[in-house]
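Protein chains: 2
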Amino acid sequence: MTPLLTKDSQKHEAALRAIAHMPTRSLPVLMDSNFTQQLSDADFMRIAVLLAEKSYLEGGCPIGAVIIDNETRQIVGKGHNTLVQEDHPYNHGETSAIRDAGRIDFSKTTLFTSLSPCDVCATLLYMRGFARVVIGDVTNASGNEGMLLAKGLQVSILEDQTGIALYARFRKEKPAQDLEDWKGLCAVHQDTAS
Amino acid sequence: MTPLLTKDSQKHEAALRAIAHMPTRSLPVLMDSNFTQQLSDADFMRIAVLLAEKSYLEGGCPIGAVIIDNETRQIVGKGHNTLVQEDHPYNHGETSAIRDAGRIDFSKTTLFTSLSPCDVCATLLYMRGFARVVIGDVTNASGNEGMLLAKGLQVSILEDQTGIALYARFRKEKPAQDLEDWKGLCAVHQDTAS
Numbered sequence: 001m002t003p004l005l006t007k008d009s010q011k012h013e014a015a016l017r018a019i020a021h022m023p024t025r026s027l028p029v030l031m032d033s034n035f036t037q038q039l040s041d042a043d044f045m046r047i048a049v050l051l052a053e054k055s056y057l058e059g060g061c062p063i064g065a066v067i068i069d070n071e072t073r074q075i076v077g078k079g080h081n082t083l084v085q086e087d088h089p090y091n092h093g094e095t096s097a098i099r100d101a102g103r104i105d106f107s108k109t110t111l112f113t114s115l116s117p118c119d120v121c122a123t124l125l126y127m128r129g130f131a132r133v134v135i136g137d138v139t140n141a142s143g144n145e146g147m148l149l150a151k152g153l154q155v156s157i158l159e160d161q162t163g164i165a166l167y168a169r170f171r172k173e174k175p176a177q178d179l180e181d182w183k184g185l186c187a188v189h190q191d192t193a194s
Numbered sequence: 001m002t003p004l005l006t007k008d009s010q011k012h013e014a015a016l017r018a019i020a021h022m023p024t025r026s027l028p029v030l031m032d033s034n035f036t037q038q039l040s041d042a043d044f045m046r047i048a049v050l051l052a053e054k055s056y057l058e059g060g061c062p063i064g065a066v067i068i069d070n071e072t073r074q075i076v077g078k079g080h081n082t083l084v085q086e087d088h089p090y091n092h093g094e095t096s097a098i099r100d101a102g103r104i105d106f107s108k109t110t111l112f113t114s115l116s117p118c119d120v121c122a123t124l125l126y127m128r129g130f131a132r133v134v135i136g137d138v139t140n141a142s143g144n145e146g147m148l149l150a151k152g153l154q155v156s157i158l159e160d161q162t163g164i165a166l167y168a169r170f171r172k173e174k175p176a177q178d179l180e181d182w183k184g185l186c187a188v189h190q191d192t193a194s
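Just so you know, the sequences run in chain order A and B. Start counting the first sequence at 1; every next residue gets the next number (the UniProt record's numbering). Start counting the second sequence at 1; every next residue gets the next number (the UniProt record's numbering).
So here's chain A without its partners, still in its complex pose:
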């Protein structure tokens, strides 16, 4: 069985978008390991941003994440925020990707997130022993990078301007949804009352 994307295929946007949308367990029908090994950190971050774009087009919050095996560079989990899509009060990009990966040893993996992690996700990243986290946007949010470093994670900032522009647009369009996603509906109610 020859997959669609092999070592001679181009790493263009349509290929990365197909990877973002394909269920993780089905990725071998889309690309072989030669293609995967050509993907750079910036490419994995772009896949996280394309997951954020998918969520945005569904009416959700535009935050995505991808987890790769550090040795093989294969994608072992990915996902996006599902506050709206699953009526889910805390499923952010990171929690979505970790849920998708299942019960694996995260100390052998790197997580790429399109937006700087919230307190819950940052806590989960060190509690599950991640080796490294790569953050695509510290412009719209930041704050837990120092805590992650203190907990022994390798932290890389690799800003993706498409993702930053998309999140800024979402925040302007749906400020209440953005606030709920960070601090819950109680914060929206307090904000409305004041």
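In short, the hints are calculated from the structure, not lab data. Careful, some of the hints might be misleading.
[As the list claims (entries may be wrong)] Simulated crosslink set (PhoX-like; lysine-lysine; CA at most 25 Å straight-line): (1) B:Lys-108 - A:Lys-183; (2) A:Lys-183 - A:Lys-151; (3) A:Lys-183 - B:Lys-151.
Once you've looked at the hints, dock chain B against the given chain A.
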């Protein structure tokens, strides 16, 4: 439509077990509001423990949680750990109950958990603005009660001896599963290697 449990029904163990197992949205077919209003904090904690028991009998980690509306005392969410059942690397009792509740204002609710919350769940409790948390076991685990108090939550300890004995039994029977549930598979691998 008259439900099974009304104001004259007894609050015995079989009734509380049926409540634990019934899907939250279907609870009105099981009991009416008069029955619910007779339930004490200790009864809700017992329901959390019966959810822990359900998980234990499924081969999972015995931790359960129940969320009630502070005004009506109706159950708005509940669940148990699903590390094994859903191959879910972080779904604890608290996260399971919060997912079940969906996008509600948690500042008007109380969460009953059969075991003291881990760092991730404690962070989620304050990030979603819970008013109160009731903890059924600070014998097998503890440590985040002070942080929750500092974040403005009301914290009550209401130990349930059945739940404490069940968790101690599980920990003795499946120490690796217990360790994975707290600190991830990486901690199990480190433990095996040392």
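Status of the hints after comparison with the structure:
| no. | hint | verdict |
| --- | --- | --- |
| 1 | B:Lys-108 - A:Lys-183 | holds (14 Å) |
| 2 | A:Lys-183 - A:Lys-151 | holds (24 Å) |
| 3 | A:Lys-183 - B:Lys-151 | holds (13 Å) |
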